[in-house]
Amino acid sequence: MEIKGFITLLGKHKYTLVIIPLVAVIITYFLVRNQPDTYTSQAEIATGIVDQTKQSLTQEIQQEAQINQQFNNLIAITRSKKMLDQVSYQIMIHDLTSKSPYRKPSKIMESLNETAKKHAVEVYTEMYKKRQELSLFDPDQQGLYKLMGSMHYDDQSILKNLTVYRADNSDFIQVQMDADNPELAAAIVNTLCQEVIEYFNTMLKDNQRKAVSFLGNLAKAKQDSLTKRMDALRQYKIQNHVFNLNEQARALYGQISDFETKLDQAKKDAVAYEGAIQNIDKQFDPNDRKYMESAMVKVNQNIVNTNAQLQTLNQKYVQSGFDPHYKTQIDSIRRVLASQINQSSDKYITNPLSTKQNLITQKLTMQVQQQLAQNSIGSIQSQLDALNERLRTLVPHEAVVQGDESAITVASQEYLDVLQKYNQTSLESNFTTQLKQVSNAMPGMAAPSKKMLLVIISGVISFVFCIAVFFVLFLLDSSLKAPRDLANKTKVPVIGYLNLLESKSIDLNKVWADRDKSADVRQFRNLLQSIRFEVEGELQSDKILLINSITGGEGKTYLSINLAYAFAAINKHVLLIDGNFINSGITEAIKPKVFLEDYLRSDAAASTLRTTSNITVLGNKGGDISVLEIAPQNAIEQKLDELKKAFDIIIVESSALDTLNKSKEWTLFSDRILTVFEAGQSFKEPQQLNLEYLQTFGHKFIGWVMNMVAPEQVVDTTKVK
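Numbers in our numbering are just positions in the sequence shown, counted from 1, shifted up by 382.
Don't take each hint at face value.
As the list claims (entries may be wrong) - Calculated pairs, DMTMM-like style, for lysine to aspartate or glutamate (alpha carbon to alpha carbon, straight line, at most 20 Å): (1) Lys863 x Glu1024; (2) Lys1046 x Glu1011; (3) Lys1026 x Glu1067; (4) Lys1046 x Glu1067; (5) Lys602 x Asp924; (6) Lys604 x Glu787; (7) Lys954 x Asp924; (8) Lys619 x Glu508; (9) Lys1027 x Asp1053; (10) Lys463 x Glu580; (11) Lys486 x Glu496; (12) Lys463 x Asp560; (13) Lys464 x Glu508; (14) Lys463 x Glu496; (15) Lys925 x Glu1067; (16) Lys1021 x Asp867.
Stated by the list, open to error - Label pairs and their in silico Cβ distance ranges: (17) Gln538 x Lys592: 11 to 21 Å; (18) Asn450 x Lys592: 23 to 33 Å; (19) Arg616 x Ala458: 52 to 62 Å; (20) Gln725 x Thr694: 56 to 66 Å; (21) Lys592 x Asn543: 35 to 45 Å; (22) Thr710 x Lys664: 41 to 51 Å.
Worth flagging that the hints you see were computed from the coordinates, not collected in a lab. Even for Gly, the Cβ is constructed at its ideal location relative to N, Cα and C.
Produce the complete structure using the sequences and hints provided.
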């Protein structure tokens, strides 16, 4: 930022810096010279929101956000139109009925007769009692509202001088009023506090009463619903003889288990007795009737011999004085004897030799037992089926009872929840903190006069404001208006520029044929001649000049056509190629018959393009394509080489660099690059990136041409570096 430039800007507007503060001082002086003294009156309202001594037992500690919200609500109520209207009504009634009103009557009030005043008092009183505002749709009430406004007792007038705020983080709300009458200020504050307290406490009690009533009715309804459900369940149990389904089901399950056990035992006994009877029948088989003597003689003989050995060893054991050696032998003989006795018993069991009569008796007894077991199976099965049937009859009752019991549980919980809320709300309604005015407003002393201070402040503020505005405008103005600005910003030569013409259209034939045109057209022609000279010097033996821009709409088409006419004016055969497929401005303006796409894809000779005119135009068919999509690079280079032989200079207009490859592909075929920049733009980051890209071409990039330069910025026609 240049300080000199800012000072120059202030110098251009020096009269503005003097006139505006002077006008502000004069206006402020006349506004405040008759301003009456101001009296301030203040009162405090205790809310009980953060006063712990006034909290009920059921109230929880509130968060700071909740506390602030409650205070904001109270302040909003205090400043609301409903409350201010109540104050306005009382102040108006006082001035209409009192011999010493707070303010001097206005012209409208002085014009009222006694009947009109009485009517106004009646309407104000009625609106005050109903807590309603005056309707502006009613002509009578609209007139009373204007009367109130003429005395500056309306809500907007009071609100301008009313201040309501929470004192620090305390429990108190401060209400402050500034007025031209100390008694009026005190009356407004006290009246407003009383109205707010009465309205808030009444509204709070009414809401609590409605809440208690609603919760009481809801609890009664929930209790009735619970009672009906319990009665319905009781009647269902009585009608269906259902006492305790769980106990009945448990008893039935026990009986069924017992009978299933008895059934299994009876089946086992029947099978066992049948097997025993079959074994008895086998014992009467003649093949098995072998008497015990033949089998038992040898066993008994062994027992006698072993017993004799045992007696001999016992005698020796005693005679030897209980020698442990004999003790071991005695134990061994005893084990052998026990084994022989067991063998004798086994032989007896395996081949019973009982009498036939005992076997027949046992068989008869077993047959009776088998029949009893067989017969009991059917009886037990019948009892088991009966128990299962009784169990199945309990299932529907169980489903109904469970459904009713679940509904009773839900209804009971709902009733308890509502009852708890009812009790809590009832308790809170008895401990609710109410607003209370702790200090009354009193008529105050006159505040120090600020008239002269306001006059001085108005002048200083207006002057500083003007300086700040000009500074901001200067700071924000980063546009490049002159060729030198562009050259200094980019460090790239500006080979020329074109001035902004007054007319919206221009006839190029007349520009070069008619020498007596207006001054700006003559200057335009001179500037074009200068650009032509610079371009011709840069091209030298090269012929293809690419004209592009960083963004669209900066005047590429305008410069290309004008430059073509400029070269044609010195008898140069010019080929103008419209390489901007996105915005074919040259094609639309001149409407040529030959198109670039057709020429590049055909075998036509370059000499066939030349006409009797010095300017030949190759248009394009447009579309979202690039030059390399029309033909390969080598083919395009071959065609352009042919055109170089046929024409003195070839001017190619491409699309803006922000179209990426569509513009950059033309740099492959150009000898020199000339970029157009429109005056009045800022050179920002995107432009800087494209400039760095252009600088990579070295001497191939010859510089800028600034378009649409304002007349006051036109200083010369030489190249700016």
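Status of each hint after checking the structure:
no.	hint	verdict
1	Lys863 x Glu1024	41 Å, violated
2	Lys1046 x Glu1011	13 Å, holds
3	Lys1026 x Glu1067	37 Å, violated
4	Lys1046 x Glu1067	19 Å, holds
5	Lys602 x Asp924	104 Å, violated
6	Lys604 x Glu787	16 Å, holds
7	Lys954 x Asp924	14 Å, holds
8	Lys619 x Glu508	66 Å, violated
9	Lys1027 x Asp1053	15 Å, holds
10	Lys463 x Glu580	16 Å, holds
11	Lys486 x Glu496	17 Å, holds
12	Lys463 x Asp560	18 Å, holds
13	Lys464 x Glu508	14 Å, holds
14	Lys463 x Glu496	29 Å, violated
15	Lys925 x Glu1067	32 Å, violated
16	Lys1021 x Asp867	40 Å, violated
17	Gln538 x Lys592: 11 to 21 Å	33 Å, violated
18	Asn450 x Lys592: 23 to 33 Å	27 Å, holds
19	Arg616 x Ala458: 52 to 62 Å	56 Å, holds
20	Gln725 x Thr694: 56 to 66 Å	22 Å, violated
21	Lys592 x Asn543: 35 to 45 Å	37 Å, holds
22	Thr710 x Lys664: 41 to 51 Å	46 Å, holds
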